[in-house]
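There are 2 protein chains.
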Amino acid sequence: MNVFHVQFTNSESKYKQLTDHIKSLIVKGSLPHHYKLPSIRKLSTFLNVNNVTIVNCYKTLEQDGYAYTIHGSGTFVIADNNLIDTNEGYSESTVFGDVKYDFITSSPSPTFFPVKAFKGLLNDVLERDGGFAFNYQEAGGYLPLRQSLRELLKGYKINVPHQYVHIISGGQQGLDIIAKTLLSEGDFVFTEEPCYPGAMATFSSRGAKTVGIPVRNKGMDLQILEDRLKKFNPKFIYVMPDFQSPTGYQYDLAHRRKLLDLASKYNTLIVEDDHFSDLNYSINKIPPLKALDTENIVIYIKSFSKVFMPGLRLALLVAPPIFNTPLIEAKQFSDISTSGFLQRAFDLYLRKDLWQEHVNKVKKVYQSRCLTTISALEKRLPSSVMFTKPTGGLCVWIQLPPHICADDIANLAKQHGVGILPGDDFFIDRKQNFFRLSFTTMAEKDIEAGIEILASIIKGTLK
Amino acid sequence: MNVFHVQFTNSESKYKQLTDHIKSLIVKGSLPHHYKLPSIRKLSTFLNVNNVTIVNCYKTLEQDGYAYTIHGSGTFVIADNNLIDTNEGYSESTVFGDVKYDFITSSPSPTFFPVKAFKGLLNDVLERDGGFAFNYQEAGGYLPLRQSLRELLKGYKINVPHQYVHIISGGQQGLDIIAKTLLSEGDFVFTEEPCYPGAMATFSSRGAKTVGIPVRNKGMDLQILEDRLKKFNPKFIYVMPDFQSPTGYQYDLAHRRKLLDLASKYNTLIVEDDHFSDLNYSINKIPPLKALDTENIVIYIKSFSKVFMPGLRLALLVAPPIFNTPLIEAKQFSDISTSGFLQRAFDLYLRKDLWQEHVNKVKKVYQSRCLTTISALEKRLPSSVMFTKPTGGLCVWIQLPPHICADDIANLAKQHGVGILPGDDFFIDRKQNFFRLSFTTMAEKDIEAGIEILASIIKGTLK
Ligand SMILES: Cc1ncc(COP(=O)(O)O)c(C=O)c1O
Ligand SMILES: Cc1ncc(COP(=O)(O)O)c(C=O)c1O
Numbered sequence: 407m408n409v410f411h412v413q414f415t416n417s418e419s420k421y422k423q424l425t426d427h428i429k430s431l432i433v434k435g436s437l438p439h440h441y442k443l444p445s446i447r448k449l450s451t452f453l454n455v456n457n458v459t460i461v462n463c464y465k466t467l468e469q470d471g472y473a474y475t476i477h478g479s480g481t482f483v484i485a486d487n488n489l490i491d492t493n494e495g496y497s498e499s500t501v502f503g504d505v506k507y508d509f510i511t512s513s514p515s516p517t518f519f520p521v522k523a524f525k526g527l528l529n530d531v532l533e534r535d536g537g538f539a540f541n542y543q544e545a546g547g548y549l550p551l552r553q554s555l556r557e558l559l560k561g562y563k564i565n566v567p568h569q570y571v572h573i574i575s576g577g578q579q580g581l582d583i584i585a586k587t588l589l590s591e592g593d594f595v596f597t598e599e600p601c602y603p604g605a606m607a608t609f610s611s612r613g614a615k616t617v618g619i620p621v622r623n624k625g626m627d628l629q630i631l632e633d634r635l636k637k638f639n640p641k642f643i644y645v646m647p648d649f650q651s652p653t654g655y656q657y658d659l660a661h662r663r664k665l666l667d668l669a670s671k672y673n674t675l676i677v678e679d680d681h682f683s684d685l686n687y688s689i690n691k692i693p694p695l696k697a698l699d700t701e702n703i704v705i706y707i708k709s710f711s712k713v714f715m716p717g718l719r720l721a722l723l724v725a726p727p728i729f730n731t732p733l734i735e736a737k738q739f740s741d742i743s744t745s746g747f748l749q750r751a752f753d754l755y756l757r758k759d760l761w762q763e764h765v766n767k768v769k770k771v772y773q774s775r776c777l778t779t780i781s782a783l784e785k786r787l788p789s790s791v792m793f794t795k796p797t798g799g800l801c802v803w804i805q806l807p808p809h810i811c812a813d814d815i816a817n818l819a820k821q822h823g824v825g826i827l828p829g830d831d832f833f834i835d836r837k838q839n840f841f842r843l844s845f846t847t848m849a850e851k852d853i854e855a856g857i858e859i860l861a862s863i864i865k866g867t868l869k
Numbered sequence: 407m408n409v410f411h412v413q414f415t416n417s418e419s420k421y422k423q424l425t426d427h428i429k430s431l432i433v434k435g436s437l438p439h440h441y442k443l444p445s446i447r448k449l450s451t452f453l454n455v456n457n458v459t460i461v462n463c464y465k466t467l468e469q470d471g472y473a474y475t476i477h478g479s480g481t482f483v484i485a486d487n488n489l490i491d492t493n494e495g496y497s498e499s500t501v502f503g504d505v506k507y508d509f510i511t512s513s514p515s516p517t518f519f520p521v522k523a524f525k526g527l528l529n530d531v532l533e534r535d536g537g538f539a540f541n542y543q544e545a546g547g548y549l550p551l552r553q554s555l556r557e558l559l560k561g562y563k564i565n566v567p568h569q570y571v572h573i574i575s576g577g578q579q580g581l582d583i584i585a586k587t588l589l590s591e592g593d594f595v596f597t598e599e600p601c602y603p604g605a606m607a608t609f610s611s612r613g614a615k616t617v618g619i620p621v622r623n624k625g626m627d628l629q630i631l632e633d634r635l636k637k638f639n640p641k642f643i644y645v646m647p648d649f650q651s652p653t654g655y656q657y658d659l660a661h662r663r664k665l666l667d668l669a670s671k672y673n674t675l676i677v678e679d680d681h682f683s684d685l686n687y688s689i690n691k692i693p694p695l696k697a698l699d700t701e702n703i704v705i706y707i708k709s710f711s712k713v714f715m716p717g718l719r720l721a722l723l724v725a726p727p728i729f730n731t732p733l734i735e736a737k738q739f740s741d742i743s744t745s746g747f748l749q750r751a752f753d754l755y756l757r758k759d760l761w762q763e764h765v766n767k768v769k770k771v772y773q774s775r776c777l778t779t780i781s782a783l784e785k786r787l788p789s790s791v792m793f794t795k796p797t798g799g800l801c802v803w804i805q806l807p808p809h810i811c812a813d814d815i816a817n818l819a820k821q822h823g824v825g826i827l828p829g830d831d832f833f834i835d836r837k838q839n840f841f842r843l844s845f846t847t848m849a850e851k852d853i854e855a856g857i858e859i860l861a862s863i864i865k866g867t868l869k
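Top line first, the protein sequences correspond to chains A and B.
According to our numbering, the first sequence is numbered sequentially starting from 407.
According to our numbering, the second sequence is numbered sequentially starting from 407.
Only chain A is shown next, with the shape it has when bound in the complex (with noise of 0.2 Å):
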């Protein structure tokens, strides 16, 4: 409480004294970002003034940006260390803090998109349309894109006409207008566990109860499955079969055949998140379950953003034809259409072929910074800590043993400069001792003096 004292004078309003006191509080860094302010009872006592100057106070502070409001819970500071100078331009310091050594970042490098032969193609589409390139697209997108996209599918084995063919703004929307359809109040997903927590968030908010049914080396655990799928109904099973978020497992064929025969079986659809399948970096391919889906059972997105670039936004979703019409009106409601000029972009860098060029080119710096990850945690890690090994995206994920927190392990890390990413939001349940580690961003020789000093930290708290 003492920080908040006053030495008032008469030059100027109380309110605007104590205002002035406390921005400058927040600005040294005194009073962190979501700090609950005293209560205006507590305040007004201990400065002895009346209520009406700490309202004022904290009136402004809201007013001026230093501080937020909660209805019923109090005041608490805006410490917005993000405030740069806005003739920077760029902004993105990470989120979660700056360390030496990121394995939090999942998202691609900046330094790898290609920004040139995008910005050639950026001046070609103006040249082109004009401002007709800036005007409202097709719900279902850009005709010319859907038939570019419809010919890359191929390239997966997934042979569709361009009408199921649809652009939409990410991955993330995809799941979003999938739940709109699908989803009502009270029904049930099932999805892998451990999952990506913004699809787990995404179903949750349309009042959907997810079950968790394992993930294992191969897939899903087919025997657990079909035991709740006898128990539950669910609308969907919601399923990343190239290179699972966090885990990095890939379902094998026999995998993927049995999980469409249970849904088949069992009344279901399976919604099929494929982020990572471009970044396999085995020889070995398994067609998408798309390709294999002889029952028009599975809804098909695939999003842009992590071999290419996320700032797009752009991805795309395959819908069987039952459920095109209303998908399509699901994306309308939402944000009538995706950016045209973006998606005219995009498709004159498919028709120029550059596509296949750039997936090569990055897949060889990320499967040479998985190799290094991996060879890395084996020579380092104590051999109660488990990961796995993927052959493909972005992350491994990590089991340490039961009694010890990834949180506090992270904590440590951070103060030696090492950022993960503790895996609680990955459960249902929020299971405290697993982390991913993504080496994304990263230079090899970073990639192992990270590791060094996280398996240092790991064996001193095993100790």
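Hints are computed from structural coordinates only; laboratory data are not their basis.
Hints should not be assumed to be uniformly reliable.
It does not matter which identical chain is used: a pair holds within one copy or between any two.
Said to hold, decoys possible - Derived lysine-lysine pairs resembling BS3-like cross-links, with alpha carbons at most 30 Å apart:
id, residue 1, residue 2
1, K563, K429
2, K560, K465
3, K615, K837
4, K560, K422
5, K560, K442
Everything numeric in this text was worked out from a predicted model, so none of it was measured.
Keeping the supplied structure of chain A fixed, place chain B with the ligands upon it in accordance with the hints.
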């Protein structure tokens, strides 16, 4: 049924011959889009073939993109007239069919988009930020843009810290995330009547029930509003105070204040959808509700689609502090973030003070079209037909005598090259005798010529 007759030969399987025949009917235009194909039983009886022949035929049509099936309803034609030469690039033939006098389109004229200025800025962003322009953005928005928009909002007398200014992918997404944050199954929402259909669809997709309050020249009928507020307990009142869609009515200051008082008295929120306030042709500027909102009960959406470029998919939302975090979360689970690339370019556009210049330019053109439209209507329409005389926006709303159906007029008009939009979608109870006339895309002489034709059609019908 006779069109389906096929003289089967032995050259190929029957299902193939039938499939080819139906495809040719679709391509020739003999079967329109959404045409319901005969049931399997009926067609097999008619052609004297096995059920399986029809099943295989319909399946093939579906796989080849000529039909879609709705479970339990049947199989329907996809007549994709929009299929264009993919080298053309630009595909925006009006969804409503081609008419010479287009009073349907209310999205702004692509020729007015500031493409050249914007192109320069896009290149500036790429020079400055490179790949970083294509990374994920914070869900609330790109900080410098939030700050420029905060400054822009001051010109509308809205003064809020940038933390409460969210960047969203168009106004429609604003409605969607508000619905996600505030609405559950069975909740009530009040809207104006008539009302923008995209809003009603979004609210009802969350299971909410819409109660319409008639809107008049100076604003919502406040007496009816208060009566309904006594009976229902709506989550919010959705309004467009500036040039309401579709009527073009503008709320006067007294109606704005009274609306705020009523919302406060009955403890509900207001969602203010500002898509047209920049297109104000009178000298009389009335502050938005948000500027008068001393109690933080207004959620404000400002779309840049109608004045700037819809294809950017950019809008802003101003959140009351208490809903700030939930709204950002809803945005994040909808599409993670809006394209950082487009946010950056728009930010530069605002910082170079190009915005107001652009608004002034387009406003002049639309104002003149608006006056031309109103005077042509005054001159030509019979006195039993009523219409609004907006002082802003892009549309006039027309009421036919009760026994006249706008759909019939629209069909007749189309035959004479004039497109109008029947108004039933704007009503909860789908009133038949209204239509919307948009003067957005046509030169003034075409507006006059189109209205002359339209008026004579209406007169002919009234006789
Ligand atoms: C498994 C998975 N699916 C979908 C997404 C959504 O990505 P986007 O919306 O950028 O395509 C992500 C993003 O991290 C993800 O990890
Ligand atoms: C009243 C109103 N609100 C919101 C929108 C959504 O527009 P956008 O998502 O392009 O901002 C529209 C579009 O027509 C509209 O008419």
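Checked hints:
1. K563 / K429: between (59 Å within a copy, 24 Å between copies)
2. K560 / K465: between (58 Å within a copy, 18 Å between copies)
3. K615 / K837: Cα proximity of K615 and K837: one copy only (18 Å, versus 40 Å across).
4. K560 / K422: So K560 and K422 pass the 30 Å test across copies only (22 Å; inside, 66 Å).
5. K560 / K442: between (54 Å within a copy, 29 Å between copies)
Violation of the numbered hints given earlier is absent; every hint is satisfied by the structure.
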